[in-house]
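Asks: Starting from the structure of chain B, add chain E where the hints point.
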Amino acid sequence: MTTFLAASRKYRMSYSMIGVVLLLIEIAIVAFAPVVSPYGPNQQFYNALLQPPSLAHLFGTDSLGQDVLSQVIYGGRTSLVLGFGVTIASGFGGTILGMLCITPRRDFWIMRLVDALISFPPILIALAIIGAIGSGLTKEMLVISVAFIPYSARVVRGEVLRLRSMTYVEAAEALGGSQIRIALKHFLPNAMPAIMAQLTYVFARAIVLDAALGYLGLGVPPPTPTWGTLIANSQPYLATAWWAWLAPSLTIIYTTIVVNMVGRTINSWRKRWDSSESEQQSVEDVIGEATG
Amino acid sequence: MLVYILRRIGAAIPILAIVVIVTFSIIHLVPGNPAAVILGPSATAQAITHLTRAMGLDKSLPQQFRIWLSGIVQGNFGYSVFLDEPVLRAIAQHAVPTLWLSIYAEIISILLSLVLGMVAAWYAGSVIDRVLDIVFMAQIAIPDFILALELIYLFAVLVRLFPVSGYTSPSQGLGPFLGSITLPALVLGIGQAGLIARVIRDAIVESFQRDYVRVAMAKGASKMRAFFRHALRSSLIVPLTMMGSSFATLLGGVVILESVFNIPGLGWLAVNAILNKDYPTVQAVVMLIAISYITINLIVDMLYFVVDPRTRTIYQ
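Those protein sequence lines, which keep their order, are chains B and E. When you line the first sequence up against my numbering, it's residues 1 to 292, in that order. When you line the second sequence up against my numbering, it's residues 1001 to 1316, in that order.
Next comes chain B alone, as it looks inside the complex:
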């Protein structure tokens, strides 16, 4: 891990940080919702239904008289929490699964399992399982994580295969390092950039999947606002109250673009880092560690 951090400090992080900054702004807004949001999450204004944007309601009101902007900000809490939960869970699961692919035999069977899981469109798996076990934030997080574990597993496995042939791994093996030790000490830190890049895409897709589930009515149940349910509720009034649709849609698109930008930044770091010498520990280092 220290080698990765050391390498990244070498490179200029000026314009490539735009994505990260924009993401942090969004997280801040959502985290400080009670402070930033003009109104409460379910506060209704009965005499101001379906009002166009105004000074009092920057994005207008919806069919229940709720301020759209507040709804979107509070909805962001559910979606972003879910996004982070899914990213961490599927990152863990995928990494463990991918790391297990060290031996060719285990590799074959784990990859068949992963291929099988990938052949289900994530939305279909999510729908089917939620239909069976019911909806709710934790259940949705669990289901979406399971749907995305195969994608992370594939990336990790790819990294494991790539790193397996590195000289320092050969050295560690020759010195009698156990599989687990090799996995943790050598594969994991060097696979991190690839894993992180993949996880940003998982995050973006999880948010979109969550919105899709919410749209179909299978996400977190009302009255909790979610971006998906906001979009669904705005559909009947598309012609007359377009602002109710616009706000959640723009937020989702913004989040997706920003997270993808972060992913691209990580990927470009990764390319520069791979070509530099700092990734590889020298064989002498490994021998030095082993002999103390």
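One or more hints might be untrue.
To give an idea of the chain B side of the interface with chain E (calculated C-beta under 10 Å), a few residues [as the list claims (entries may be wrong)]:
no. : residue
1   : F108
2   : D115
3   : L117
4   : I125
5   : L127
6   : A128
7   : A204
8   : I207
9   : L218
10  : I231
11  : Q235
12  : A239
13  : I252
14  : I253
15  : I257
Over 10 Å on every C-beta distance to chain E, these chain B residues come out as not near it, computed from the model [said to hold, decoys possible]:
no. : residue
16  : G40
17  : N47
18  : I129
19  : A171
No lab work stands behind these hints: they were computed from the structure. This structure is a prediction, so every number in the text was calculated from the model and none was measured. Backbone N, C-alpha and C define an ideal beta-carbon position, used for all residues, glycine too.
Replies: Frame of chain B, contents of chain E only:
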């Protein structure tokens, strides 16, 4: 080459087995008795026991799996309590709109990605290229159902060119039929085209750095001739296979889009079956879509073999 085909099919078999097992387990994830859930809270205990026995839920798991599997192989996917018809019939009926929609969407996606990709490559580095790059990024970033609502607003509400929702079968006229599925096909096509177009553009631009194109131009070929006769051919190999797997991804997008546009296809059937706890139908649709995905990917892999001569020599 035969060896390659056999190997690929061999690898697909364990995958199919896992898919079948996973699909089977869906109904068993339900807490409690699935039959009770299907019949709802107002069902009598008698009705529940009756359905439990009819669905074979009182038998042991391995036994249930055997019975279910042998049924599947014979084409018996069970009976839908909700739709009051055999699941197979429901699927056959609802598969048709989805098939039309997928083919239409794939055509749009291929045309769009080819045209935009080639234009971006031709004008590489210029303003047009930068603008198209943003377009591609937008195509990838905007989720399907949001784009769908946007297009509905623009082309069905504002301009009244297409119906807002609904599906007219081809038997009622080619015009209305195409009109009813153009918007969803457009959404799906645009969504897929962004990624492929970008790959095409990058492949063409990169190929102009390669020796074979540079030789052609050194021999006096015009840019257009070099573009179409030399660069294009090899640049289309990877996008070709991508188009194949994008068709498979289309199946996923179809699920939610059919609900947005109210098109009675497989996706619509799946969503409705799930909302109505119609587990046999859910199992059948999920399995069908997964198997289609595997089959399409298999075909795409074979296609790669045919199209790219380099893979042939490796396996001979």
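Asks: Each of the hints needs a verdict: does it hold here or not?
Replies: Hints and how they fare:
{"no.": "1", "hint": "F108", "in the structure": "holds, 9 Å"}
{"no.": "2", "hint": "D115", "in the structure": "holds, 5 Å"}
{"no.": "3", "hint": "L117", "in the structure": "holds, 7 Å"}
{"no.": "4", "hint": "I125", "in the structure": "holds, 8 Å"}
{"no.": "5", "hint": "L127", "in the structure": "holds, 5 Å"}
{"no.": "6", "hint": "A128", "in the structure": "holds, 5 Å"}
{"no.": "7", "hint": "A204", "in the structure": "holds, 8 Å"}
{"no.": "8", "hint": "I207", "in the structure": "holds, 9 Å"}
{"no.": "9", "hint": "L218", "in the structure": "holds, 7 Å"}
{"no.": "10", "hint": "I231", "in the structure": "holds, 7 Å"}
{"no.": "11", "hint": "Q235", "in the structure": "holds, 6 Å"}
{"no.": "12", "hint": "A239", "in the structure": "holds, 5 Å"}
{"no.": "13", "hint": "I252", "in the structure": "holds, 6 Å"}
{"no.": "14", "hint": "I253", "in the structure": "holds, 6 Å"}
{"no.": "15", "hint": "I257", "in the structure": "holds, 5 Å"}
{"no.": "16", "hint": "G40", "in the structure": "holds, 26 Å"}
{"no.": "17", "hint": "N47", "in the structure": "holds, 27 Å"}
{"no.": "18", "hint": "I129", "in the structure": "violated, 6 Å"}
{"no.": "19", "hint": "A171", "in the structure": "holds, 31 Å"}
Checked against the numbered hints listed earlier, the structure breaks hint 18 alone; every other hint is satisfied.
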